[in-house]
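Chains as they are written, first to last, in the working numbering: chain A, 25 to 312; chain B, 66 to 825.
Simulated from the structure, these hints should not be mistaken for lab results. Every residue, glycine too, gets a C-beta built ideally from N, C-alpha and C. Possibly wrong hints are sitting among the right ones.
To be verified - Partial list, computed: chain A residues near chain B (C-beta under 7 Å):
#	residue
1	R210
2	E212
3	T286
4	A287
5	V293
6	V296
Said to hold, decoys possible - Derived DEER-like restraints, expressed as beta-carbon distance ranges:
#	chain 1	residue 1	chain 2	residue 2	range
7	A	T35	B	S751	36 to 46 Å
8	A	T165	B	E738	38 to 48 Å
9	B	T88	A	A275	18 to 28 Å
10	B	Q457	A	A104	54 to 64 Å
11	A	R106	B	L467	52 to 62 Å
12	B	N284	A	D282	33 to 43 Å
13	A	E311	B	S734	51 to 61 Å
The lines below spell out each chain.
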Amino acid sequence: MHTVRYEAPGTIAGALDIMASAPGAMVLAGGTDLLVQYQSGLKRPAVFLDVKRIPEMMAIVVDADGATIGAAAPAAVICADRTLQAWYPGLVEGVHLIGSTQIQGRGSIGGNLCNGSPAADSVCALIADRAVARIAGPTGTREVPVEAFMRGPGRTALAPGELLVAVRLPKPAPHTADAYQRLIPRSEMDIAVASCGVSLTFDATGTCTAARVAIGAVAPTPLLVLDAAAALVGTTVDPEALDRAAAAASAAAHPIDDRRGTAAYRRTVVGVLTKRVAALAAARAKER
Amino acid sequence: MSAPTFTAVGTRPIRHDGVDKVTGRANYGADLSLPGMLYGVVVRSPHTHARIVSIDTSAAAKVPGVKGIVTGKDVPLIDAKLGMGEGALDLKDLSDNALARSKALYHGHAVAAIAATSLAAAHEAAALVRVEYEILEPVLTVDRAMESGAPILHDTMTTQARPPIEQSGPTNVAGRMELRRGDIEQGFRDADVIVEHVFRTPTSHQGYIEPHACVARVNEDGRISIWTSTQGPFLVRDATAMMLGLDAANVKVTPSEIGGGFGGKIPVYLEPLAVLLARMTQRPVKMVMTRDEVFRATGPTSATKIRMKMGAKRDGTIVAASASLYYEAGAYRGSPSGAGAMCAFAPYRIPNFFIEAYDVVVNKPKVAAYRAPGSPMAALATESLIDEIATQLGLDKVEIRLKNAVQEGDLAPYGPPYGRIGFREVLEQVRNSDHWKSAVKPGVGRGLACGFWFNAGMSSSATVTLGADGSAAVVTGNPDIGGTRAAQALMVAEELGVPVERVRPSVADTDTAGYTDLTAGSRTCYATGMAVVEASRDVREQLRGRAAKIWGVPIEETRWEHGRVEPVNPSADRQPLTVAEIAAKLSKTGGPIIGRAAVNPPMAGPAFAAHICDLEVDRETGCSRVVRYTAVQDVGKAVHPSYVEGQMQGGASQGIGWALNEEYVYNASGVMENAGFLDYRMPVASDLPMIDTILVEVPTPGHPYGVRGVGEVPIVPPLAAVANAMADATGIRFTELPLSPPRVLARLLEEAPAAVGAGA
Ligand SMILES: Cc1cc2nc3c(=O)[nH]c(=O)nc-3n(C[C@H](O)[C@H](O)[C@H](O)COP(=O)(O)OP(=O)(O)OC[C@H]3O[C@@H](n4cnc5c(N)ncnc54)[C@H](O)[C@@H]3O)c2cc1C
Numbered sequence: 025m026h027t028v029r030y031e032a033p034g035t036i037a038g039a040l041d042i043m044a045s046a047p048g049a050m051v052l053a054g055g056t057d058l059l060v061q062y063q064s065g066l067k068r069p070a071v072f073l074d075v076k077r078i079p080e081m082m083a084i085v086v087d088a089d090g091a092t093i094g095a096a097a098p099a100a101v102i103c104a105d106r107t108l109q110a111w112y113p114g115l116v117e118g119v120h121l122i123g124s125t126q127i128q129g130r131g132s133i134g135g136n137l138c139n140g141s142p143a144a145d146s147v148c149a150l151i152a153d154r155a156v157a158r159i160a161g162p163t164g165t166r167e168v169p170v171e172a173f174m175r176g177p178g179r180t181a182l183a184p185g186e187l188l189v190a191v192r193l194p195k196p197a198p199h200t201a202d203a204y205q206r207l208i209p210r211s212e213m214d215i216a217v218a219s220c221g222v223s224l225t226f227d228a229t230g231t232c233t234a235a236r237v238a239i240g241a242v243a244p245t246p247l248l249v250l251d252a253a254a255a256l257v258g259t260t261v262d263p264e265a266l267d268r269a270a271a272a273a274s275a276a277a278h279p280i281d282d283r284r285g286t287a288a289y290r291r292t293v294v295g296v297l298t299k300r301v302a303a304l305a306a307a308r309a310k311e312r
Numbered sequence: 066m067s068a069p070t071f072t073a074v075g076t077r078p079i080r081h082d083g084v085d086k087v088t089g090r091a092n093y094g095a096d097l098s099l100p101g102m103l104y105g106v107v108v109r110s111p112h113t114h115a116r117i118v119s120i121d122t123s124a125a126a127k128v129p130g131v132k133g134i135v136t137g138k139d140v141p142l143i144d145a146k147l148g149m150g151e152g153a154l155d156l157k158d159l160s161d162n163a164l165a166r167s168k169a170l171y172h173g174h175a176v177a178a179i180a181a182t183s184l185a186a187a188h189e190a191a192a193l194v195r196v197e198y199e200i201l202e203p204v205l206t207v208d209r210a211m212e213s214g215a216p217i218l219h220d221t222m223t224t225q226a227r228p229p230i231e232q233s234g235p236t237n238v239a240g241r242m243e244l245r246r247g248d249i250e251q252g253f254r255d256a257d258v259i260v261e262h263v264f265r266t267p268t269s270h271q272g273y274i275e276p277h278a279c280v281a282r283v284n285e286d287g288r289i290s291i292w293t294s295t296q297g298p299f300l301v302r303d304a305t306a307m308m309l310g311l312d313a314a315n316v317k318v319t320p321s322e323i324g325g326g327f328g329g330k331i332p333v334y335l336e337p338l339a340v341l342l343a344r345m346t347q348r349p350v351k352m353v354m355t356r357d358e359v360f361r362a363t364g365p366t367s368a369t370k371i372r373m374k375m376g377a378k379r380d381g382t383i384v385a386a387s388a389s390l391y392y393e394a395g396a397y398r399g400s401p402s403g404a405g406a407m408c409a410f411a412p413y414r415i416p417n418f419f420i421e422a423y424d425v426v427v428n429k430p431k432v433a434a435y436r437a438p439g440s441p442m443a444a445l446a447t448e449s450l451i452d453e454i455a456t457q458l459g460l461d462k463v464e465i466r467l468k469n470a471v472q473e474g475d476l477a478p479y480g481p482p483y484g485r486i487g488f489r490e491v492l493e494q495v496r497n498s499d500h501w502k503s504a505v506k507p508g509v510g511r512g513l514a515c516g517f518w519f520n521a522g523m524s525s526s527a528t529v530t531l532g533a534d535g536s537a538a539v540v541t542g543n544p545d546i547g548g549t550r551a552a553q554a555l556m557v558a559e560e561l562g563v564p565v566e567r568v569r570p571s572v573a574d575t576d577t578a579g580y581t582d583l584t585a586g587s588r589t590c591y592a593t594g595m596a597v598v599e600a601s602r603d604v605r606e607q608l609r610g611r612a613a614k615i616w617g618v619p620i621e622e623t624r625w626e627h628g629r630v631e632p633v634n635p636s637a638d639r640q641p642l643t644v645a646e647i648a649a650k651l652s653k654t655g656g657p658i659i660g661r662a663a664v665n666p667p668m669a670g671p672a673f674a675a676h677i678c679d680l681e682v683d684r685e686t687g688c689s690r691v692v693r694y695t696a697v698q699d700v701g702k703a704v705h706p707s708y709v710e711g712q713m714q715g716g717a718s719q720g721i722g723w724a725l726n727e728e729y730v731y732n733a734s735g736v737m738e739n740a741g742f743l744d745y746r747m748p749v750a751s752d753l754p755m756i757d758t759i760l761v762e763v764p765t766p767g768h769p770y771g772v773r774g775v776g777e778v779p780i781v782p783p784l785a786a787v788a789n790a791m792a793d794a795t796g797i798r799f800t801e802l803p804l805s806p807p808r809v810l811a812r813l814l815e816e817a818p819a820a821v822g823a824g825a
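This is chain A alone, in the form it adopts within the complex (with noise of 0.2 Å):
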């Protein structure tokens, strides 16, 4: 009959250690998408490694040059963090329509990472305020951008024996702000058919001087579009700019048909939602 052993080593080492003896060992974090997985017969991990006594796995630390969020660091942790809510409330919206209350307890954004989900929620405005994962493995640490950490679904940068420490995010830029929506048929406790995270920074004049544009659920992974950023930098943000982008953002898309939406509902939608969080992150940035 099948047995899990379960492991809570203190150290990133001794994470690594276990991982390179146990080829069948996989990552618990909050254990919200792998314990259903497991239950539901879909993985079947020799070992559950939990890293949430790892204590740089658990923790929050803010910089003069930005943000490292913990790979592990529960929802419930990042959504009440001050600076996080100021700097990013793009990322702490997303963060926060994780789930429900129970979930925000336990679910991380590491987990909502490398679970590799083209829908996970965290991951649009991870990619729009330049974040960066930081891995460790055998042979050492290293840097990828989050745009790049996604593979296709389920599939990750990570290699064999590898694990996700920490995203680093830079502290914004003045005048900088982003925003995160997603669409679902009802207003919680859903997957989103389609989002969006955005990150904008203007100039004294009101000018777009950099954008950061990416979608979620209408690929393989969550994407950067390049195209639909460029339809807003050099711009005040305007209405005709909007509707670039988000005519950009529907051109990125390659959606399929599932349960959950038509491909062309998706491709529709997310440049609606281009559009709406767009303007949602400009008010923002204005403000600021």
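Given chain A, work out where chain B with the ligand should sit, using these hints.
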């Protein structure tokens, strides 16, 4: 009849089972564990339509911990029907559905069951059961099922038809019936306006939160105990016994608390398997379905296709209507198409109509009852057409319904004249409501729709016992789904003048309670309630006898008045006696008092409802949201108004979910792709506004308090109320449910591409 005045009935005490339920103490189907118990799991067909060539359980049997395996061969072949008042249950079908014999008729159809010492061992063994299938083409729609040359599900099936039809070989059409009145051709010739559409509704599930669960134990002497979550313990007893060739006298069924049923906990699925396994292993066997199994193998209600046509005069008088109803039965006969036909035109006085209803088998789970079975889909068609006629003629949506509404003495489309009914009163309350009179906000559409349901009578029993402390207990055999314990306690309190908190209502097992039919058909508060009232009055009569004894007078010189026994001729030594005073002397006046009653009343007066829905539509995304909703209903008499309102709100919520997002999503080979609450999108609490309720009380004659059934009719109007609101908001008539964002946006883009901004 002068309106009776009440003291307890109509108040809102906290339900007696409430604390146990909110603290988690209440025991539901899966909560029971017995010493030595085994865990049973079901092996299910991975194919939608397949002949079972062979089943090899030898590898599974070798898994350590496995104690017993059963397949279709272990179930006796029977040919019996179990009468159930509203329709007979075909036990051959029920048994074949519980464990397939020769054919798997839907994806998820049970083909074997395994009991083992742990759930893990049972699952491991289940994966090792080798079933050889000959895969057949699945039949997934009524259109395909009725085509000539379509694969036939049952080689022996003929059409049960009223009036009879000519049969030509095996068919997927299990049934056909028709109703007619007047001259339909002339009716349409007389009409100034005629509207016609084809409506479709998807397969949808009752969505009860508690999955099916039971424990069975077989004693050495052959006595069998079943603990299960069910709407009908007596039905479980009788059906299980008949399916397995057992004497029902040896079977005792104890109902657990029930976490929702809505009709879906009437059929037996697991119980016969658990009994077979328990008998084989001589150990108790527990079986609990997963959510996935609940979706794939229980419930749902019919997907439907309805073609309907309606004609009216310029003043809104409906002069003719015709309809063809095609309801999917799932794998075995028994869709509620007949009920749909009887309900479709029931609220309106239509001089000329023709309606035909087909019951069609397809390769999907066998449908089960779902709140007013068959009526909501029919009402979608009727109420959409009336809405459209009113729009075309520029008539008020309430007035056109009032103009055609049935009232006492009008003939129901299925035959008899209506007795005292409250449809007009309901519509008048709509007209006077704040909601109807309020302005519609921009971006919002408002819809109105009505609904009809019969309300069952059937058999019920009750006993009421009086304690020496003046408290009382009431026992029935009806699982409490909607607050019936509290209602029954209120009835005892009303009749005996005992405070409701001192009445203990309970639901007993089949050995303890007198026979009672299902908790279904909106009948429990009505029929079982009648038994409770009569049993309480039996106690009252006995109390008069005891008072007579105390006073030394004949019983005729006592009377029940003001909640106590009073002497007809008062005197100094004959002061009125309260129940508590008489109860204190029980042992000296003849011993305990037990009141009893068994009743078999006719159908309660039918119920009518009208719902108003305000729907906000996002024209860029097709997303919509109910922003205001009011349910108006003739409830006869609300015994516990909070629970009546709860029934209305619950029915409305389920109907809104059905209208907006709920549907079985099938792939091309008939496999359901959204068998979980994540993707089978029932509304969550934050999706809905507070559902406002307006209770109209037009008493049912023949019931001591005038109670009508209230639990089912509130799911009838919402499908159409939402669709009519969508039509008002968008100018587009949607005839296919659900009104999910992709469907709505596709039509919006088709009809008015310019109005929708952005996007590709
Ligand atoms: C009821 C419910 C509602 C939900 N709603 C949403 C929602 O609205 N939006 C949404 O995006 N998600 C939702 N989810 C999914 C889930 O909650 C999120 O994806 C959450 O962020 C996962 O985090 P976790 O810490 O629980 O991950 P876990 O389940 O612990 O891990 C997920 C996967 O990532 C791997 N992993 C975790 N951490 C690491 C690491 N540091 N390094 C390497 N691999 C790692 C695990 O091995 C596992 O494969 C929902 C889940 C449930 C049960």
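To see whether the hints hold, each was checked on the structure:
The beta carbon of R210/A is positioned within 7 Å of a beta carbon in chain B (closest approach about 5 Å), and the interface hint is therefore held. Interface hint status for E212/A: upheld, as the beta-carbon distance to the closest one in chain B is roughly 6 Å, under 7 Å. The interface hint given for T286/A holds, since its Cβ lies 5 Å from the closest Cβ of chain B, which is under the 7 Å cut-off. Of the supplied interface hints, the one on A287/A is violated, with its beta-carbon coming no nearer than about 10 Å to a beta-carbon of chain B, more than 7 Å.
At its closest, the beta carbon of V293/A sits 5 Å from a beta carbon of chain B; the interface hint therefore holds under the 7 Å criterion. Here the hint on V296/A is kept, as its CB sits about 5 Å from the closest CB of chain B, short of 7 Å. In this structure the supplied range 36 to 46 Å holds for T35/A paired with S751/B, their Cβ-Cβ distance being about 42 Å. One distance hint, 38 to 48 Å for the beta-carbon pair T165/A and E738/B, holds here, with the actual separation near 41 Å.
Distance hint check for T88/B and A275/A: the Cβ-Cβ separation is about 55 Å, which falls outside the suggested range of 18 to 28 Å. In this structure the hint that Q457/B and A104/A lie 54 to 64 Å apart at CB holds, the actual value being about 56 Å. Range check, R106/A to L467/B: Cβ separation about 60 Å, and the 52 to 62 Å hint holds. For the pair N284/B and D282/A, the beta carbons lie near 51 Å from each other, so the given range of 33 to 43 Å is not met.
At roughly 54 Å, the beta carbons of E311/A and S734/B sit within the given window of 51 to 61 Å.
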